[in-house]
Amino acid sequence: MARTFVTTAGVAALTGVLAALSAPAMAQYPDRPIKMIVPWAAGGDTDNIFRPFAVEFQKHLGQPVVVANVGGASGTVGAREAQKSAPDGYTVYAVHDYIHLTFYAGISDVKYSDFEPICLVAATPSVLTASAKTPWKNWQELADDARKRPGEITVGATLGSTSHIFPAMIEKASGVKFKFVSYEGLAPRMNALLGGHINLTDSNLTQKGKVEAGLLRFIAIASEKRDPEAPDVPTLKELGMNIVYEVVRGVLVPKGTPAPVRAKLEEACTKATKEPAFAQSMKAQGTRVAYLNASDYGKFLDKIDSESKVIMTDLGLIKK
Amino acid sequence: MLDLLWHGLVNVAQWKYLFPLFAGTFIGVIGGSLPGVTITMTVIVVLPFTYGLDPLAGLAAMTGVYVGGSTGGLIACCLLGIPGSPASIATTFDGFPMARNGEPGRAIWLGVWASVWGGLLGALFLVFLTGPLAAIALEFGPWEYFSLFVLAMAMVAGLTESSLLKGLISTAIGLLITVVGHDPIGSVPRFTFGSEFIGGGFPFLPVLIGIFAFAQIMTDLEKLDGSRGQPAQSLAGVRLERFSHLKVNIEIFRQPFLLAWATIVGLIIGILPAIGGSASSVMAYDQAKKFSKTPQLFGKGHPEGIIASEASNNANVSGSLMTIMAFGIPGDAVTAVMLGAMTIHGIQSGPLFISQNPDLAYGIYAAYILAHPCMLLICVALMPLMLRVTSVRMAVLAPVVLVLCVVGAYALNNTMQSVYVLLLFGVVGYVLVKLGFPLAPLILGLILGDQIEINLVRAIMTDPNPLLFLTRPISGVLLLAAVASVVLAIWQHLRHQNRVVEEEPDF
Amino acid sequence: MSIGRDGIAGLVLLAISLVLLVKSFQLPSLPIVPVGPGFYPAIVLSFMAAASALLVLQDLMKGRPAAAAAATVTPSRNYRLVAIAFAIVGAYVVLLPLLGFRLATVLFVGALQAALGRPQTARQWTVLAAIAIGTAMVSYFIFERYLLVLLPRGAWTGF
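Heads up: the sequence lines are chains A, B and C, in that order.
Residue 296 in our numbering is what sits at position 296 of the first sequence, and the numbering runs on without skipping anything.
Residue 398 in our numbering is what sits at position 398 of the second sequence, and the numbering runs on without skipping anything.
Residue 30 in our numbering is what sits at position 30 of the third sequence, and the numbering runs on without skipping anything.
A hint or two may mislead.
Claimed, not checked - Now the stretches of chain B that chain C is said to cover, found in silico as 3 or more residues with beta-carbon under 8 Å:
no., segment
1, 175-189
2, 387-396
3, 423-433
To be verified - Okay, derived cross-link-like pairs now, DSBU-like style, lysine-lysine, Cα gap no bigger than 35 Å in a straight line:
no., chain 1, residue 1, chain 2, residue 2
4, B, 16, A, 283
5, C, 23, B, 16
6, C, 23, B, 300
7, B, 293, C, 23
8, A, 271, B, 16
9, A, 133, A, 111
10, B, 16, A, 274
11, A, 111, C, 23
12, A, 84, C, 62
13, B, 300, C, 62
14, B, 290, C, 62
15, B, 16, A, 59
16, C, 23, A, 179
17, A, 309, C, 23
18, C, 23, A, 319
19, A, 177, C, 23
20, C, 62, B, 223
21, A, 84, A, 133
22, A, 264, A, 237
Claimed, not checked - The following residues of chain C were derived to be distant from chain A, with all beta-carbon distances above 12 Å:
no., residue
23, 18
24, 78
25, 82
26, 106
27, 155
Just so you know, the hints here were simulated from the structure itself, not pulled from any lab data.
Keep in mind that this is a model prediction, so the values were computed, not measured.
Where a beta carbon is used, it is the ideal one built from N, C-alpha and C, also for glycine.
With the rest of the complex left out, here is chain A (with noise of 0.2 Å):
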């Protein structure tokens, strides 16, 4: 009885001594490094985007914000790794589009409502692009060849993911079919785009220099405008396709972190976007910085993610 009496005061008394160690650690959150996790390897288009905005968001949180690449299994283990993070504001979440598409897919059984907006940081307009090794010159050609021969346009694409989805909007706002190859990533698709071995993929304006060697050609962006990087590409609606696709990439953080954690967080994410230094990096992206607050930023997650239902039932793809 006796020696319950001592182990139960000992635990006690460990408890108080950690808590009154993290009690005023929480008053000035934060007090040590961040974790950022980017679901994706190092070098691909969500790693590029976030570590110059990790850049700035350090300078305006005063701790370092440290990007750790949890790739594998296109995205989920991530996305799972952020979920099951301790909801204390040192683990934020660099998240794009895929969370919706995986979810319904049946891949992963994480929803973007596991977590709570942080803000919304880029947005990427996708770009049609097209081998220089097919013979078309424009969309017109393109569309008329594709009727012609259904199912036979080959298209470089990750399965369930943003560069499927993209084509396959196209294909049904045209009424054309697409053969469907699964390439994983953009540096595999553009290989595979280069040697002919597909006819067409989904990239965005970083690829401009390929174009301008005339080695791809861009065909049509799914931006509202005309893009100044490259005022000759059409956007899909001035080709009468009601389609505006930009990848957008946003910050996260797991249910439950504390309110005024969340606070400091939105605040120093609204500083970093209106740096112009990130401005300028984004631009080298073929990236607009797309700033939303916490609260618009949730509204927009809703809408996404209702779309993205609509989107994957259209296409036969979902599976809850």
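Chains B and C: place on chain A using the hints.
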């Protein structure tokens, strides 16, 4: 072209570029020599510094890391029997036995000098033939990749003298490991038995470190007798012997064909994205053994094995640099990070890169060339210190190395998952070694497993006609070579069968 | 005709490949991929099953005097130590996320050192502790500070 290169060399020889290059090479050698710390991880460490630097200074630092890291791996290979980085796997096969035979200095310096010569020979191709060679990469569609990988496995399965059958089973085990988890095409979970742990799959790096580090350390522990901790028997009494750099170089240049062929193998594997240094080192090793006059000495501390592996993994770097220079397409994670750094500085990568930015392009070539003498200097300075590892007691060495392996596995993607995989495959690797299964084919199966499947399915998705594997010229030739390789291996095996007595496995 | 080590290994591998082969046929396939996710594993597994079966056959056909000769020259091996070492590494891996990297590493390096060579004097114990603490601190410092890897913190200790 030569004047551009000369201009580049003079340019990079300035302190503001030479210092980052030297520092990058130094960090690369250190990172490469620590088992578990990959070149990718090391290059990411350098990345933030490059934001503030002149673009060429940053790229020079990264090139230095790449070259230094590709060489640094051999130190752990020779001294611990554990590859310091995946790119130097095959160096372990002969480097460690040579060190154990009392010649650690010779083993390491053969490797370092072979790296220097292989790397510089690769530089010749890089500077003068980038355009045409990089074009080869584009000719490779899914059919060609598939056939190439089949050839690679056919070659390596025949590596083992003792049992061809066990070599084949090892390959199959390697392939099977990559199949577990989410499938690479549609992310369907395979063979997970409902477990989230298995569902995460078995990433290459923790499996590799697990198999090698545990197999090595545990077989050493078997030989420790009881409670007194003496040095590992395998390295007991090994002192740095007297060796001469001249002799080592003569040894390398006595076989110019070996050096050239290993370099070409490394270069070609480097140009083709998706496989990288680890495959090139294993394949060059295999080639060296096939062409050698003394194949029976391989695996027992044969200099040819070290030369082939190290020359090819440094040549592999020049190959990977080619596709990024020619097309702006990264061939591996390291060049992907380099490309990211270029983009941040607003440099438009792509086919016009070399003609639009000749200063920068030739600056990178110059940095690549100058990284080799830097690496040599660093090795000269560090080696006496590194060689003292051989006098550390096993009781101290084993836990420290294991901590490094655990941290390295964790750092791969910052999850405990990889650490559990490390431990699991530590046990598997130890058991396999005890049962006499060769590790080289297993490792190649691991490296290629994913890629074989992806390219096979891609080929079928693009065109369902299976005859394309035979009728596409490059693919057909590669498959023919694969068949020839297996036939040759069986024939060699039958011829040797009477002479070779199956040895008690003793890793 | 008796079964040896190779034969047993072959049988185990054969069993594994057959079980997984059955599993591979049950995998669901995607509508847009012409071959299902079980296609490639089935090829690998059939190959492995065939090779394992051959290995068993080869082992059964082989005479066994060589094994006896080999056993006599094998030096005595300390398998107990190997088992202890594996157990300590296992404990380390389990404790890592609970105690945090720093504490777990100190314990692990200390324990494995003691298991491999039990210190006799107070001085040796001090050296052991110094190495344990030194390894943990130096690796923590290098990885966290310079290599930008946030090592696991303890779920129990928050440290």
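Between residue 23(C) and residue 179(A), is the straight-line Cα distance small enough, at 35 Å or below? 29 Å, holds
| task | Confirm or reject the coverage of the segment 175-189 of chain B by chain C under the rule of 3 or more residues with a beta carbon closer than 8 Å to the chain's beta carbons. | result | This one holds; 7 residues, not fewer than the three required, reach chain C with a Cβ under 8 Å.
Residue 155(C) and chain A, when compared Cβ to Cβ, separated by more than 12 Å:
8 Å, violated
- Within 35 Å, alpha carbon to alpha carbon, are residue 264(A) and residue 237(A)? 39 Å, violated
Q. Residue 300(B) and residue 62(C): Cα distance at most 35 Å?
A. 27 Å, holds
Given the hinted pair residue 177(A) and residue 23(C), is their alpha-carbon gap at most 35 Å? Given that 35 Å is the threshold and the Cα spacing comes to 34 Å, the pair holds.
Check your understanding: Are residue 23(C) and residue 16(B) close enough, with their CA atoms no more than 35 Å apart?
Key -> 60 Å, violated
_Next pair to validate is residue 16(B) with residue 283(A); report whether the Cα-Cα distance is within 35 Å._
Given that 35 Å is the threshold and the Cα spacing comes to 28 Å, the pair holds.
Would you check the hint for residue 133(A) and residue 111(A), treating anything up to 35 Å between C-alpha atoms as holding? Violated, at about 40 Å.
Does the structure keep residue 16(B) and residue 59(A) at a Cα separation of 35 Å or less?
Holds, at roughly 27 Å.
Would you check whether the claim that residue 82(C) is not at the interface survives, using Cβ distances to chain A and the 12 Å cut-off?
Holds, since 32 Å exceeds 12 Å.
Would the pair residue 293(B) and residue 23(C) pass a check requiring their Cα atoms to be no farther apart than 35 Å?
-> 46 Å, violated
Violated hints for the displayed structure, listed by number in ascending order: 5, 6, 7, 9, 12, 21, 22 and 27.
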